[in-house]
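S.K.: Residue numbers (the working numbering), protein chains in the order written: chain A, 1 to 204; chain B, 1 to 204.
Keep in mind that the hints were calculated from the coordinates and are not lab data.
Among the hints, a few may not be true.
[Unchecked claim] Cross-link-like lysine-lysine pairs, in silico, PhoX-like; alpha carbons within 20 Å at most: (1) B:128 / A:135; (2) B:38 / B:120; (3) B:145 / A:132; (4) B:38 / B:23; (5) B:23 / B:190; (6) A:190 / A:145; (7) A:37 / A:135; (8) A:145 / A:135; (9) B:37 / B:23; (10) A:23 / A:130; (11) B:128 / A:128; (12) A:23 / A:37; (13) A:130 / B:132; (14) A:128 / B:132; (15) B:38 / A:130; (16) A:132 / B:23; (17) B:132 / B:120; (18) B:130 / A:132; (19) B:190 / A:128; (20) A:120 / A:132; (21) A:132 / B:132; (22) B:190 / B:145; (23) A:135 / B:145; (24) A:120 / A:38; (25) B:23 / A:128; (26) B:37 / B:120.
There are 2 protein chains.
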Amino acid sequence: MTALTLYDYLPSGNGYKVRLVLKQLGIPYRLVEVDIKKGLTRTPEFLARNPNGRIPLLQIEGQGYLSESHAIIWYLAEGSRLVPTDRLQRAQLWQWLSFEQYNLEPNIGTVRFWLHSLGKTPAELGEKLKDKVDKGYQALEVLEKGLTEREFLVGDQYSLADIGLYAYTHVAEEGDFSLVRFPAIRAWLKRVEEQPAYEPITAS
Amino acid sequence: MTALTLYDYLPSGNGYKVRLVLKQLGIPYRLVEVDIKKGLTRTPEFLARNPNGRIPLLQIEGQGYLSESHAIIWYLAEGSRLVPTDRLQRAQLWQWLSFEQYNLEPNIGTVRFWLHSLGKTPAELGEKLKDKVDKGYQALEVLEKGLTEREFLVGDQYSLADIGLYAYTHVAEEGDFSLVRFPAIRAWLKRVEEQPAYEPITAS
Chain A
1 MTALTLYDYL PSGNGYKVRL VLKQLGIPYR LVEVDIKKGL TRTPEFLARN
51 PNGRIPLLQI EGQGYLSESH AIIWYLAEGS RLVPTDRLQR AQLWQWLSFE
101 QYNLEPNIGT VRFWLHSLGK TPAELGEKLK DKVDKGYQAL EVLEKGLTER
151 EFLVGDQYSL ADIGLYAYTH VAEEGDFSLV RFPAIRAWLK RVEEQPAYEP
201 ITAS
Chain B
1 MTALTLYDYL PSGNGYKVRL VLKQLGIPYR LVEVDIKKGL TRTPEFLARN
51 PNGRIPLLQI EGQGYLSESH AIIWYLAEGS RLVPTDRLQR AQLWQWLSFE
101 QYNLEPNIGT VRFWLHSLGK TPAELGEKLK DKVDKGYQAL EVLEKGLTER
151 EFLVGDQYSL ADIGLYAYTH VAEEGDFSLV RFPAIRAWLK RVEEQPAYEP
201 ITAS
C-alpha cells in the first residue's frame, strides 16, 4: 500500500474507527492532528482537501483523499480478516455501518460531543438534548437485539461492523447514556476489547 | 438468486433506490407495500422482521432479512456493472453513500417528508425546518463540487453512488429546495435519467 496520511481529531469516535483498523491490520501511517473545536476542518486549506469539512480524512499518496470513516475503513480492510467474503454477510456489515451513521452516531456521538467535549449543560440544550437522548436509547435497543445470542454483529467473527458500532457505544457514558439495561452490549464491548492489537480511544 | 420480497413504501426515496437497482439489473421480486404514515413499520409483526422499524426491507428466501437501503443495493449489485472493481473506487462509492445518509437524506429527505408527504407548513415547523434547510443546501454544495467536471460520482461510470445520491436530490424541489444554483447537479440528474431501464420514483 502507498504512503498514508490520516487527518484526525483524537477524541473523535469516527477517527478512532480508522486508527483501530490501521493498528489491528498493522498498516503504517502518518498522523496529522486537526482540532475541530478550533474550526480547523473549515479552513479554505482543509476544505480544498475535503469539501465536506470533516475528519477523519485519509490522504493516499498519488491518488487523492478519502473521507467518511466507514469508506476509509472499508478501503483499508477489504480483503483482510475484518471483512467477510460471503455476499450476504458483506451486506449485513453495511447494514450495521449504515445504522451506526444514521441512528447511533448522530444521537450518542453528538450528545457526547455536546456534554463531554464542549462542556454544555442539559439546561442550555433543552429539548434538542431530550430528542437525541430518546433516539440514542432507541438505537441502543436495536443494537442490544442485534447482539442477543450472538458473539459479534456479522456471522460469528469480529469484523468492521463491530469496530464501527463499538466506537461511540463504548464511550456512550461520556454522553450520560447508561448501559445498565443492555447486558448483551456490555458483554460484546468486552469481547471487542479482547481482540488482538486492540487499543482504547485516545482520552479527550 | 433466491426469491426476493421487498417491503417498501412507494414515495420513499430510500425504497426507490432499491427498486431502481432491481429494475436496472433485471432482478424479479415481489413487492409488499407498507404505509409508514399509518405506522405499519412499527407493528410487532414488522418489528420482528426489522427491529429498527423501517423500510425498505428485503426478505431473502431461506436466509432472512436485510435492512438499510445502501446495504440492500450493495447486496443486489456487488459483482454487477453498478459496482466498480477498483479498490479506491469502491471506497469512493461508500464515501458518497455515507455522505448521503449523514448529510443529505436526513435534511433534504426529511424536509420533503414533512412538507410534501405530511403536508406540514413552515410556520408549524419553525427553527427545526430552518436548520434542516441550511444543512440541506450545504449538502447540495458538497454534491455540486463533487460533480463539477465529472460525468458521474465515481470513476467515469454510472454506479450505485449515482443511484444513492439521485434518489432524494431529484425530488429536492418537493421539499422546496431550489436547484437553480447547482448546474453540475442538474446536468447529472439528466445523465442519470438517460440510463438504460431508468424509471422515475413512484408519484406520491
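S.K.: For the pair we were handed, residue 23 (chain B) and residue 190 (chain B), check the Cα-Cα distance against 20 Å.
M.R.: Judged against 20 Å, a Cα distance of about 18 Å means the pair holds.
S.K.: Given the hinted pair residue 130 (chain A) and residue 132 (chain B), is their alpha-carbon gap at most 20 Å?
M.R.: holds, 18 Å
S.K.: Please work out if residue 135 (chain A) and residue 145 (chain B) have their alpha carbons no farther apart than 20 Å.
M.R.: At roughly 32 Å apart (the allowed maximum being 20 Å), residue 145 (chain B) and residue 135 (chain A) break the hint.
S.K.: Given the proposed pairing of residue 37 (chain A) with residue 135 (chain A), does the C-alpha separation stay at or below 20 Å?
M.R.: violated, 25 Å
S.K.: Between residue 23 (chain B) and residue 128 (chain A), does the CA-CA distance stay at or below 20 Å?
M.R.: Distance ~40 Å between residue 23 (chain B) and residue 128 (chain A) Cα, so the pair is violated.
S.K.: Taking 20 Å as the top limit, are the C-alpha atoms of residue 38 (chain B) and residue 23 (chain B) close enough?
M.R.: violated, 27 Å
S.K.: Taken at face value, is the distance from the CA of residue 132 (chain B) to the CA of residue 132 (chain A) at most 20 Å?
M.R.: holds, 15 Å
S.K.: Run the distance test for residue 132 (chain B) versus residue 120 (chain B): straight-line Cα separation, threshold 20 Å.
M.R.: holds, 14 Å
S.K.: Given the hinted pair residue 190 (chain B) and residue 145 (chain B), is their alpha-carbon gap at most 20 Å?
M.R.: Distance of about 17 Å is within 20 Å: holds.
S.K.: Assess, step by step, whether the Cα of residue 120 (chain A) is no farther than 20 Å from the Cα of residue 132 (chain A), and give holds or violated.
M.R.: holds, 14 Å
S.K.: So if I understand the rule, the pair passes when the alpha-carbon distance is 20 Å or less; does residue 190 (chain A) with residue 145 (chain A) pass?
M.R.: holds, 17 Å
S.K.: Taking only the CA atoms, is the gap from residue 128 (chain B) to residue 135 (chain A) under or equal to 20 Å?
M.R.: Holds: residue 128 (chain B) and residue 135 (chain A) sit about 16 Å apart, inside 20 Å.
Figure legend: structure checked against the earlier numbered hints; hints not met, in rising order: 3, 4, 7, 9, 10, 12, 15, 16, 19, 23 and 25.
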